[in-house]
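Assemble the complex: chain B is given as a structure, and chain V must be docked to it using the hints.
Chains as they are written, first to last, in the numbering used here: chain B, 38 to 492; chain V, 38 to 492.
Among these hints, one or two may not hold up.
Heads up, the list lumps identical chains together, so a pair's fine if it works in one copy or across two of them.
Calculated lysine-lysine pairs in the BS3-like style (CA-CA distance at most 30 Å, straight line) [said to hold, decoys possible]: (1) K323 with K457; (2) K460 with K280; (3) K460 with K323; (4) K91 with K323; (5) K91 with K457; (6) K457 with K425; (7) K458 with K91; (8) K208 with K323; (9) K208 with K425; (10) K458 with K280; (11) K206 with K457; (12) K458 with K206; (13) K457 with K280; (14) K425 with K460; (15) K280 with K91.
No wet-lab data here; the hints were simulated from the structure.
A quick note: this is a predicted structure, and the numbers were derived from the prediction, not measured.
Number of protein chains: 2
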Amino acid sequence: MAENYEVEQPSQTHQTLQEVSRALENGMFVHVRRMLEDMEPEDIAHLLEASPPKSRLVLWQLTDPEEQGEILEELSEDVKDGIMVRMQPEQLAAATEGMDTDDVAYLLRSLPDNVSQDVLSQMDAQDRARVEQALAYPEETAGGMMNTDVVTIRSDVTVDVVLRYLRMKGKLPEATDALYVVDENSRLIGELAITALLTSQPDTEVLEVMEDVDDAIPVDMSDSDVASLFERRNWVSAPVVDKEYHLVGRITIDDVVDIIREDAEHSMMSMAGLDDEEDTFAPVLKSARSRSIWLGANVLAALAAASVSNLFENTLDQMAAIAVLMTIVPSMGGVAGNQTVALVIRGLAVGHIGDSNTRWLLNKEALVGLLNGVVWACIIGGVVVLWKGNLMLGGIIAAAMLTNLVVAGVAGVTVPILLKKMKVDPALAGGMALTTITDMVGLSVFLGLATLFLV
Amino acid sequence: MAENYEVEQPSQTHQTLQEVSRALENGMFVHVRRMLEDMEPEDIAHLLEASPPKSRLVLWQLTDPEEQGEILEELSEDVKDGIMVRMQPEQLAAATEGMDTDDVAYLLRSLPDNVSQDVLSQMDAQDRARVEQALAYPEETAGGMMNTDVVTIRSDVTVDVVLRYLRMKGKLPEATDALYVVDENSRLIGELAITALLTSQPDTEVLEVMEDVDDAIPVDMSDSDVASLFERRNWVSAPVVDKEYHLVGRITIDDVVDIIREDAEHSMMSMAGLDDEEDTFAPVLKSARSRSIWLGANVLAALAAASVSNLFENTLDQMAAIAVLMTIVPSMGGVAGNQTVALVIRGLAVGHIGDSNTRWLLNKEALVGLLNGVVWACIIGGVVVLWKGNLMLGGIIAAAMLTNLVVAGVAGVTVPILLKKMKVDPALAGGMALTTITDMVGLSVFLGLATLFLV
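So here's chain B without its partners, still in its complex pose (with noise of 0.2 Å):
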């Protein structure tokens, strides 16, 4: 049975994916186009994320057209959207055929409108209503994550007469675990999760056996919220209702830890100042634009820094020690700072943090500055005396420490709260508010001091 033993490990896809390229520069596209054939979506998937933007494309004309939708699907946007670009809408079209309703209306949002709109008129007429339909509700709702294809049953049937329904079907949705209970209205009033069905007697009334519904997802719910609930109750699926509780949909795990995912990765990679749609391989030039933003946001800050400085040129221009030193300081506080600014991004993202413990937050965070600045001013202070043989700049330094370690606790806490009130993320504007505040601070006090008791 060893041969059976076959999982993909992630080294494993770094060996493909040299075998690829190596097949690749020496023009072996049968040899390529096999391997592909072999693979499943979601590997290609991975390898075409993996690969430099030139092989992507190569990569993209080998693949089978009748996988290219579910490809297309478990691609990060960037990547998705440049190769889409290059696809007719005839090749689109072809490639939605057989895929949920939700996963083609996610494709045709990164169209144009009037490509999407070409596409949706090569669909037949029943799919397309169903796509315009998802297309309705808002991208990061849960009207735009929902399958609209749920199989829906009455309370008052037996257990049996649902068993033959669904082999009359013959087909259930994927990650179906339960049936939706309706009443005449197409009100949802209760669900039949699968296991209760292969566990009742036959002749049991679906009443019986059903569960009731009492927090079904409003359609209007917003992804994020969605995600955290389905990590919260551990569901499998969902059902989703408008208004009235008129069923309308159903999400599933499987688009929900790809929200679990993006909202994880959204606070990294927002705090170092990047989209987090950002594609690894993307061209130098896309690259190079996107980031500029915050590198100009950041010389905003640094001149600012500077600026301070600058007012106690005279000062700096009397003692070049003081220059040599005048970087520690608001080093350390913007450490400590972001430190407490990662830590509030969590709590706020999970929603651990709100009005009710702000200040209790705001205190410890105050208290742990006050320590760790105590700690660090005294062993910085000693370094400062036996390096420089002051004791005056020991002591200064020291004090600035203390100072800029307290300001940074606080303001940890502060900056990204205020700007979650102020409806700015505060993953991307809170570790550079943070660094301003904490480098401005540390330099004032540090070269003020300075300025006063030394020269």
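Okay, now just chain V, sitting in the frame of chain B:
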């Protein structure tokens, strides 16, 4: 039906939280207990996580002992440990009743050995045997995540027999989406999707409708690899096998979702120098100590930068404008380099970057650095000429900026990849190593050129 329309929105958590903390302050424990009775275990867990340590313990005393096991398994590690150390072995044993094997094992792992032995001895023999078996597998592997409670069937029976068997059993494990087909030696030979079971005719043989399982999960696969497989294959559950392909357990999506979120959060928290399990509301002393390590590393980095400036003390002594401007180039290099580091860390984490494309990425990031270097060198050079009226100084800062942004691009790719080869977590050490490089290169080039051409 409007009263049915109750989904807990994130903002509601904080209303509940405020109500609870007000009730706690006023000593209205009975009221709080009643509120907790109406809440789901996962929502109580969320409430505990969002509470300061003191209220946490009071709240815990007020929860229903029968729900404590379920609440514990929803808590993050730090918070869970804080509560469990205060519980008696009998209470713990009672709390684990009715829980999944893998979840009990997860709880017991965080206890000291003698306490977990105590708890085990209080459990009934069958449960104890199952949990001990689960504990035998290392924590961060498929074996440590899996549940041993699986439903197996033989391939030579009909669908009708399977249905009768399931009705007799009466209950199926949570999130069951497939039954596993094994041979006489308990080797996994296929799986029967529940949806196939429901839509097949009663007289069909299992052999005809089952599917091959060519990608069962090896019991020693790491939890991150399991998570990325689930994510790519859109699985709800998957069988786990040993080296001889014996079925040993089953992993479900709810456990995987936690790993996906943890892995994604890990990068963000580590990059800011935080432990990813750090509790937002941890006690001050504990927080201060855990963050201190990172500040200590930064002290060394800041002192290294200061000793570079120190080499040029003579230059700084002669021209204060140089000291004023010297922080700009390191700051820009740090930001640009950290953009690249974040991109590479994500690429390494999702498996997009490997030997096959490192060189391509290195070239790309060096070029991005060059392009942005030219842009910002011109801008900053221009600003300095206008500000300080010194053409040479503008040229020097422009040259230093250009050099440092190219260095940032190259180091941003190589540092995380080298760290990973050295088995050091790139998310943890990458940012600081990068900043140290860009600080030292930025200062040396700027101050070095200034020494050569200005004094």
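For this structure, which hints from the list above don't hold up?
6, 8, 9, 11, 12, 14, 15
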